[in-house]
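Sequences and hints are given; from them, build the entire structure.
Residue numbers (the numbering used here), protein chains in the order written: chain A, -15 to 377; chain B, 8 to 77; chain C, 12 to 373; chain D, 652 to 1175.
Hints listed in this document are in silico derivations from the structure and should not be mistaken for laboratory results.
A few of these clues could be false.
Label pairs and their in silico Cβ distance ranges [as the list claims (entries may be wrong)]:
id	chain 1	residue 1	chain 2	residue 2	range
1	D	THR1000	A	SER165	20 to 30 Å
2	D	THR1000	B	ILE66	47 to 57 Å
3	C	LEU70	D	GLN850	55 to 65 Å
4	A	SER351	D	PRO994	35 to 45 Å
5	C	GLY19	B	PHE26	31 to 41 Å
6	D	LEU1086	A	GLY212	35 to 45 Å
7	D	GLU870	C	GLY19	44 to 54 Å
8	A	GLY367	D	THR1000	33 to 43 Å
9	B	ARG34	C	LEU70	52 to 62 Å
10	B	ALA44	C	ASP305	15 to 25 Å
Just so it is clear, CB atoms sit at the ideal spot from N, CA and C, and this is done for glycine as well.
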Amino acid sequence: MMHRKGKKRTGIKLTAFLLVLPLLLTGCWNNRDLNEINIVAGMGVERTEGGKILLTVQVVEPAAIQSTSSGKGKGGSSQPKPVFVESCEGETVFEAVRGMLSVIDKKLFLSTAQILIIGENLSRDGIGEILDFFQRDHEIDYSMEVLVANGATPREILEVETDMDAIPAVYIKGTVENTISRGTVKKTMLIDLIKDMGSRGRQLAIGQISKTGENEIRTEGTAVFKNGKLVGWLGPYETRGYLFATNKVKSAIVNVPADKGKIAMEIMRSKGKINVTFKNGKPAALTVKVKVYANVGGYEGRGKLDPDHLIKLEQSLAEEVKKEILMALEKSQKQYSSDIFGFGTNVHKYHPMYWKNAEKNWDVIFSMLPADVRVDARIMRTGISKSPVKKDE
Amino acid sequence: MAIVLAVFAVLIFYDLKEFIRKKEPARVFVIYFLFMAASLAVSLLLAAGRRPSSPAQWIEALLKMIGVMQ
Amino acid sequence: MEKEKISGIQLFLLLLGFLFGSTVILGPAMGAKNDAWLAIILGGATGVLLMQVYVAISLLNPSKALVDILREKMGKVAGNIIAILYIWYFIHLASLVLRDFGEFICTVTFPETPMVVVIAIFAFILVYAVNSGIEVLGRLGELLVPIIPLVTLIISLSIITVRDFTAFLPVLENGMSPVLKAAFNFVTFPFGETIAFLMLFPHLNKKDKLKNVVFLSAVTSTIVVIIVFFRDIIVLGSDLMSRSTFTPHLSSLLIPGLNIEPLIDINLLIGGGIKISVCIYAAARALSQITGIDDYRKLTGAIATFCVVLSIWGFGNVLELFIWSEKVWPYYSFPFQIAIPLLLLLLSLIKKGKSPNAGTKK
Amino acid sequence: MPGKTSKQYKNGNQNIIHDYTQISASEPIPGTIEAVSARLGEIFSDCCDFITREISCGRNGQIKILVAYINGFVDKRVLNQDVIHPVLNFLSGTELHEGSCIYERLKKCVVINNDIKEAGDMQQAVEGILSGETLLFIDGESKALVIGVKDPRGRQVEEPDSETSIRGAREGFVENLLTNTTLIRKRIKNPNLKLEIMQLGKQTKTDVCICYIKGIANEKIVREVKERLRKIKTDAILDSGIIEQFISGTRLSLFPTVGNSEKCDKLAGKLLEGRVAILCDGSPYVLTVPFLFIESIQTPDDYYDHAYFATFMRLLRLMALMVSTLLPGMYVALVSFHHTVIPFKLMITLAASRQGIPFSPFIEAILMIIAFELLREAGIRMPRPVGQALSIVGAIVLGEASVAAGIASNLMVIIVAITAICSFVVPPLIRATMLLRFVFLAAANFFGFLGISFVSVVVLIHLCRLRSFGVPYMAPFSPLTLSDLKDSLIMVPIWAMLTRPKILRQENARGAKGSKRQELKTRP
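This is the structure:
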């Protein structure tokens, strides 16, 4: 109470200051209305023939989306397109982003971008440099999906029109999300990419996207990088093997050959662990240990399910998974000599002394090492029916 | 530049009014003006685009001179 | 003069807020990369000890603030000179934290806003807080500081799904020296900075609590920083962690499906706000004691203005700021945080030994 | 504002001062009925409601008495039955020479009414008449009987409109001070319940009553209340609201530091907690001090209901308080600054709803909120039947048409609606939130969430330095008083509330145990 007078004065002063201040400010920095931005749903980067960066954006027209989804269509008049695709060239990514302003009406807002599609040409030249922009800009969403386009330019992919979702980018992201139940594409978020790029002893691997029809895309397979440059692809099954080894399979369907047919096994859970065994202070083998838990999903062949058969089935499932892993290992070791599994990281963590010397030519060492893959499969449930439909027997 | 001057003018005006009303001793004025003059001078220089070498740099130089840092 | 009293819990929370300060944003001891947790533990332990030194000084000179102690133990002239140096140090510290705050806000949220505007408004609000008195500051701390660990906890829990628990391996890859260096950095920032609290300790209403309060706050903040570190390294990996400008902010961006970036702003606003307020209060209080001005409130405005200018003046850009904070700050702080306090402790102990009266009273 | 009004009164006062009938402090009552009648006629000239009646009685009609009162104040039936009838009966057999003891006998044995006082001089007599008593003058006496036969007419005790509750007493205070004190006394049957009366207002001479429980209330606070009341210098106290403004001590704060209530059970609870109440004649609103922030989110119902439920409701109220102050600001910050925070799907919805709106979100929000506040104000001021029509018009115009016309986005309508709903949940702070909403809006428009946090910090600093009669406003949160937290956001069951709020009174903190605990239970 003693200082009431003084306190009161500061109070007035403060209020006056706070009220007058906004008036003094000539403009409101960073204040951008939602009306004044273009909401980007997807992005693509590619290298042109001339060696420049070609940035493609897929921009959403919210009003059009709203009217298509809520079905409020006023009838008669043609529906406005929910998205438009626009491209712009530039020496750098950022320049291209800014250059875009001369083609479109409002500022681009990149934070909502769901996918980033990297062109094949650019990937072959190396993606390290262009990623820096996406890492540095404060408006980029780190959980954005990154894909490498195979056989089509990013623009072609972004221009796909699909009936499944008004926004193609969301559709593409959806197909990638489905990877959880397929296990045939590597789901790569931007943050994973940034992390992997910096981490030692691991090469990049990014999911692959290709165009299969006029308005259809397919996300399957993996692009393998070496030192930031695209060196090749893994097919769907190799990708799955790779994901099994790196513990990224949540669910998958593995077909096991059976008597005159196939049995589809649904992988419910899978645990993968990679390791490098050392002998006499030198790496001796690459070990991959995988444990899968599966259910019998479909029995499309002859025979019946009994405990003995189940054990056999477990073995052949393990064999199947092992085959896939070996395929992936083989390709990355022998064909690409690129350690996408991250065996090197493992060495770095547990044998830092050895790693110091070996880091430089780890690729060579990696491609030489023998692989030791152990898969342990377990069948948990067999579904609602006990045995398959009896056929002509 | 003009904005800097205006802001300082308002600040000093407010405080001085208070000080004079309360009949503060001279040392309050002295210390107050010491700080304000230093601030004003530096901010005018900064506003003019000429950054004088900062205390942080002096300290760094001093430490290097003594030999604490390389 | 010492009429205003704060309770033990208020001091605890003020200290906690001060220690969190910009620490929660900058992620100290990141120089040691993978081994930062070791550096944090080492630095934390040393920091706890160092803060106990300050407590000992305060307990040996009951109800005396830093300036009085300096003048009493070192003589009037030398004491005053050192006190003036301390005032400079507090002002400098406040301006550094202001700059951290400004850089963070302008990098992360408002890239088009001039930094000086953000800093000036913030400083103005803090002057209002400081002028309300230490009691109000204490009460404010009670309301606001608990938010910081809460937010940290929320963020940590929500990104625990993105994980790689072996990320902190290998241990001691580059030997001990970067760890020791980072630990030293961690002692000087933030623990040593609590030297400013020597101006506040006399306000505590129950002296016997001082020791525990200070100890607890130092330990708590060390634990929280360790949690923050492990969270960041698990989520980001050591490489990205050491490359990012504001590590905890980056990891908060990774919360799946939700972006709670503004919460981090709040952390810095509270922690940094308390740190700056305490520094400005300490500087103004010390200055008013030296010059014999009855009320420190008359000086806060001028000091805060100077802090704002100094914060802009100090560094050309954010990189300069970071490099300076990492390389120069520890050495610069050494005399203020460690040398002079130890000397004061020694002098206080000697004086206490000499006068048996004081000895028996304790 | 009160300053201005009192100034006006004073000026008016200056002009008519000479016409004003003045009664000097000790003007004696003239000895004869004729003189009394003349003097009263002079004092109450041009007052049509003033009634005098001369009665000649006694055996030959020599004994004259004069009855004077103000029409409407007095219950005439009681006056006739209890006063005039016995007096006439008694006097009919009395001779004049016995007149010397008529006065005493009338006072002691004849008048049946219990409430009898004496007026020794003219001033007392006039004051008595003005405050509704009946004056009985007797020829030859320089004293007069003041007989209280007030007509208790006035509003019936009924349920207050402004504060309704599901459980608990339905009785609310009325405009009559006496009724109000009775209502309190009925609930606290304890001689320690003190009711001290004083008159305030130079012209209105309003009865103001300070009410507290001795031994529970903090003496310091009681003294402070009296001190502040005594300092009030004004012409008119027309409502307790005027007292509130004089004694609050924080004239610039948006937050109330004096509480008010119309509910008797709530007030009794506050008194039992150790607060001081101020009753003002002519106002059904009773003031309580000190008033702390936490009281805004407490309601009497909380104490009558299950503690878990009460806790939940309190948390809900706090949330509503925050929503009603922050929501429009948050929305503006979100839409104009922090696009990164918005999830993609929501972003599209938001952007679609903003499409084609000519105003910035800030202007849009201000327009909508002002429209709503206008509607609210009009709803209060309008005659009730018209109000119905108004609300329909308002709902259609605000809700439907403005969206259809593209002036406001439909999301903004929802935001304003939620804000409005939430603002009614915490009535004591309704004004504070209303104004703060605009401040937050402006801050959000310039600095987004940062601006909002800046303003929040300023508001918090303000709240932390605010005191109500010396008690920190934000108690028990800051300063943290652990024992008082039991009745804050989290409420423990009544049987666990053993102590009275510590912060109100440091000594005697321990509440009564055992049977007396009953008393504590009813404290809202």
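**OP:** May I ask you to test the hint 47 to 57 Å on the CB atoms belonging to THR1000 (chain D) and ILE66 (chain B)?
**Re:** holds (54 Å)
**OP:** Indicate whether the distance between the beta carbons of GLY19 (chain C) and PHE26 (chain B) respects the range 31 to 41 Å.
**Re:** Given about 37 Å between the Cβ atoms, the range holds.
**OP:** Can you let me know if the beta-carbon spacing of THR1000 (chain D) and SER165 (chain A) is within 20 to 30 Å?
**Re:** holds (28 Å)
**OP:** Could you see if the CB distance from LEU1086 (chain D) to GLY212 (chain A) stays within 35 to 45 Å?
**Re:** violated (58 Å)
Original post:
Given a hinted range of 55 to 65 Å, is it respected by the beta-carbon distance of LEU70 (chain C) and GLN850 (chain D)?
Top reply: Hint holds: Cβ distance 57 Å, inside 55 to 65 Å.
**OP:** Hint says 35 to 45 Å; check whether the CB-CB distance for SER351 (chain A) and PRO994 (chain D) agrees.
**Re:** holds (44 Å)
**OP:** Look at the Cβ atoms of GLU870 (chain D) and GLY19 (chain C) and judge whether their distance stays inside 44 to 54 Å.
**Re:** violated (29 Å)
Original post:
Quick one: are ARG34 (chain B) and LEU70 (chain C) within 52 to 62 Å, going by C-beta?
Top reply: Since the Cβ atoms of ARG34 (chain B) and LEU70 (chain C) sit about 32 Å apart, the hinted range of 52 to 62 Å is violated.
Original post:
Lying within 33 to 43 Å: is that true of the beta-carbon distance GLY367 (chain A) to THR1000 (chain D)?
Top reply: Check passed, 42 Å falls within 33 to 43 Å.
Original post:
Do ALA44 (chain B) and ASP305 (chain C) keep their Cβ atoms within the hinted range of 15 to 25 Å?
Top reply: With Cβ atoms ~23 Å apart, the hint holds.
Checked against the numbered hints given earlier, this structure breaks hints 6, 7, 9; the rest are met.
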